[in-house]
Amino acid sequence: MRAPIFLSINIYQVLLNFLIKESGSGKLQQYKQDFIDFLLESGALKIGSEFKLKSSRSSPYFINVGEFNDGKAISKLGEAYASAIQQHFDPNKIDILFGPSYKGIPLAVTTAIALAESGHNIGYAFDRKEVKDYGEVTDWADLQKACIVGKTINDNARIILLDDVFTTGTTKYEIINLLNKIACNIQYRAFIIAVNRQEVGVDGKDAIATFSQETSIPVISIITISEIYEYLMKKSKLNQKEVEKISNYLRVYGTSDAKTNLKKVMPHKIIDQERSIIPACDVDTLEKLEEIVRNTAELNGIGGYKIGFELGLGYGLKTVVETIRKYTNKPIIYDHQKAGTDIPDTGKNFARVCKEAGVNAVIFFPIAGPETEKAWIYQALNQDLEVIIGGMMTHPAFLRSEGGFINDESALEIYQIAARAGVNNFVVPGNKLQLITKIRETIENEGIIPIFYFPGFMAQSGKIEEVAKVAGDRWHAIVGRGIYEAADIKKAAEEYTSRLNYTR
Numbered sequence: 002m003r004a005p006i007f008l009s010i011n012i013y014q015v016l017l018n019f020l021i022k023e024s025g026s027g028k029l030q031q032y033k034q035d036f037i038d039f040l041l042e043s044g045a046l047k048i049g050s051e052f053k054l055k056s057s058r059s060s061p062y063f064i065n066v067g068e069f070n071d072g073k074a075i076s077k078l079g080e081a082y083a084s085a086i087q088q089h090f091d092p093n094k095i096d097i098l099f100g101p102s103y104k105g106i107p108l109a110v111t112t113a114i115a116l117a118e119s120g121h122n123i124g125y126a127f128d129r130k131e132v133k134d135y136g137e138v139t140d141w142a143d144l145q146k147a148c149i150v151g152k153t154i155n156d157n158a159r160i161i162l163l164d165d166v167f168t169t170g171t172t173k174y175e176i177i178n179l180l181n182k183i184a185c186n187i188q189y190r191a192f193i194i195a196v197n198r199q200e201v202g203v204d205g206k207d208a209i210a211t212f213s214q215e216t217s218i219p220v221i222s223i224i225t226i227s228e229i230y231e232y233l234m235k236k237s238k239l240n241q242k243e244v245e246k247i248s249n250y251l252r253v254y255g256t257s258d259a260k261t262n263l264k265k266v267m268p269h270k271i272i273d274q275e276r277s278i279i280p281a282c283d284v285d286t287l288e289k290l291e292e293i294v295r296n297t298a299e300l301n302g303i304g305g306y307k308i309g310f311e312l313g314l315g316y317g318l319k320t321v322v323e324t325i326r327k328y329t330n331k332p333i334i335y336d337h338q339k340a341g342t343d344i345p346d347t348g349k350n351f352a353r354v355c356k357e358a359g360v361n362a363v364i365f366f367p368i369a370g371p372e373t374e375k376a377w378i379y380q381a382l383n384q385d386l387e388v389i390i391g392g393m394m395t396h397p398a399f400l401r402s403e404g405g406f407i408n409d410e411s412a413l414e415i416y417q418i419a420a421r422a423g424v425n426n427f428v429v430p431g432n433k434l435q436l437i438t439k440i441r442e443t444i445e446n447e448g449i450i451p452i453f454y455f456p457g458f459m460a461q462s463g464k465i466e467e468v469a470k471v472a473g474d475r476w477h478a479i480v481g482r483g484i485y486e487a488a489d490i491k492k493a494a495e496e497y498t499s500r501l502n503y504t505r
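Start counting the sequence shown at 2; every next residue gets the next number (this note's numbering).
Just to be clear, a hint being listed does not mean it is correct.
To be verified - The list that follows gives simulated cross-link-like pairs (lysine-lysine, DSSO-like), each with its CA atoms no further than 30 Å apart: (1) Lys-356 - Lys-55; (2) Lys-327 - Lys-339; (3) Lys-206 - Lys-47; (4) Lys-492 - Lys-327; (5) Lys-104 - Lys-55; (6) Lys-53 - Lys-242; (7) Lys-47 - Lys-356; (8) Lys-270 - Lys-339; (9) Lys-439 - Lys-464.
Unchecked claim - Distance ranges between label pairs, derived from CB positions: (10) Asp-474 - Asp-343: 28 to 38 Å; (11) Thr-171 - Lys-327: 52 to 62 Å; (12) Glu-442 - Gly-120: 56 to 66 Å.
Hints in this document: simulated from the structure, not taken from any laboratory.
Note that CB positions come from ideal geometry on N, CA and C, so glycine has one too.
Let the sequences and hints guide you as you build the complete structure.
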């Protein structure tokens, strides 16, 4: 059995940087623009609905290269692959186009034809899924006859591999192992695919980057989803709101390259001022809610209002929002206590209900796992809701280290995942200063400058002055009973806002 021949990591990095040219560096080459139009015209690219993927994620777009199932379509597809090859390589220095069965077979054939029509006669080959029985296999030639159809693969062959998509990469590894048994020192120029979704797997890993690192084989796509997104945003005939969902999807599920290429600045400010007091309206009647808002809405240091499930379920979320809107247009944050603890699919309905009610932002505590966290963030973004993520709470015995159920590292990972999705608004326990420091470091390590929202005052011994020292310059203190149980609500709110060192 012949071992794969790997390039050194340094050479790999040079090749990868040279070969893989992502979007954002200028106008798309004409063949890329033509390919996107071709995807739309053929129905291979679908936008405007939610498509369930094998990963169980809901995607705002779907690409099915299987739609290229007639002579005209497969011919155009071959031209696109040929253009990608000529963009990156000298075709005269390629010996074989190899298409892994089954989907890679027509790709190798049609690409070979397209290159021949432009003056480059290159061989093609593909593997048999069912090995042909020639009797006992005694040498490499016998193995090649049994496993390969098409051009003979010799030692030192210069090969480009072609496939439609790249998911986990399992079949790609298998075909490399097979070819390395057939010939020595094969020079794999690249693996070329039609569209790079630029999406990490459920395990959080970039399968393409992992494959390239482990095999030193660059993966090149005719087009990336980032390039498709940027191109489609310029096509006014398409529903721009539906196209924008691609950006939201990449923000949450995209690879680091995809997120870098997003032109939209991801972090958002929910509240205009850098510091404020947010009354937590955890009361049981609309009359009490009105009393809170009426007495505090005109104070500069009041940044917004947090409402919870008791009012929302008791009176209806829309009615609660309308009550607040009688007095102010300041942001309304809905805290379901605790949202984001269900399966990923329910995030869509939760976001829709919140949007229809008129809230501005939602608080999630997504302890149900990474896929729930990502899905709920994605669906909230699709509804133009701002997202605030929490992973640790103020009460005793929440974390494992405190005697609770939740693993400390997993709680920090909740903040990390959100930061990687571009979220910059976070709930932290205001009475646990050491944890705030850890959370801040975790978020800032992802290149995000956090805005903190912290409960934990009065009843739970938190002090604004102490928290402000570790929370940074941008923070909002969530105060509940200290305001709504006060004999004079306005006076209590004024006392809290006076401690902000509020400047405008």
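Okay, the hints, checked on the actual structure:
no.: 1; hint: Lys-356 - Lys-55; in the structure: holds, 28 Å
no.: 2; hint: Lys-327 - Lys-339; in the structure: holds, 27 Å
no.: 3; hint: Lys-206 - Lys-47; in the structure: holds, 25 Å
no.: 4; hint: Lys-492 - Lys-327; in the structure: holds, 21 Å
no.: 5; hint: Lys-104 - Lys-55; in the structure: holds, 18 Å
no.: 6; hint: Lys-53 - Lys-242; in the structure: holds, 19 Å
no.: 7; hint: Lys-47 - Lys-356; in the structure: holds, 26 Å
no.: 8; hint: Lys-270 - Lys-339; in the structure: holds, 22 Å
no.: 9; hint: Lys-439 - Lys-464; in the structure: holds, 18 Å
no.: 10; hint: Asp-474 - Asp-343: 28 to 38 Å; in the structure: holds, 35 Å
no.: 11; hint: Thr-171 - Lys-327: 52 to 62 Å; in the structure: holds, 59 Å
no.: 12; hint: Glu-442 - Gly-120: 56 to 66 Å; in the structure: holds, 58 Å
Consistency with the previously given hints is maintained throughout, with no hint failing.
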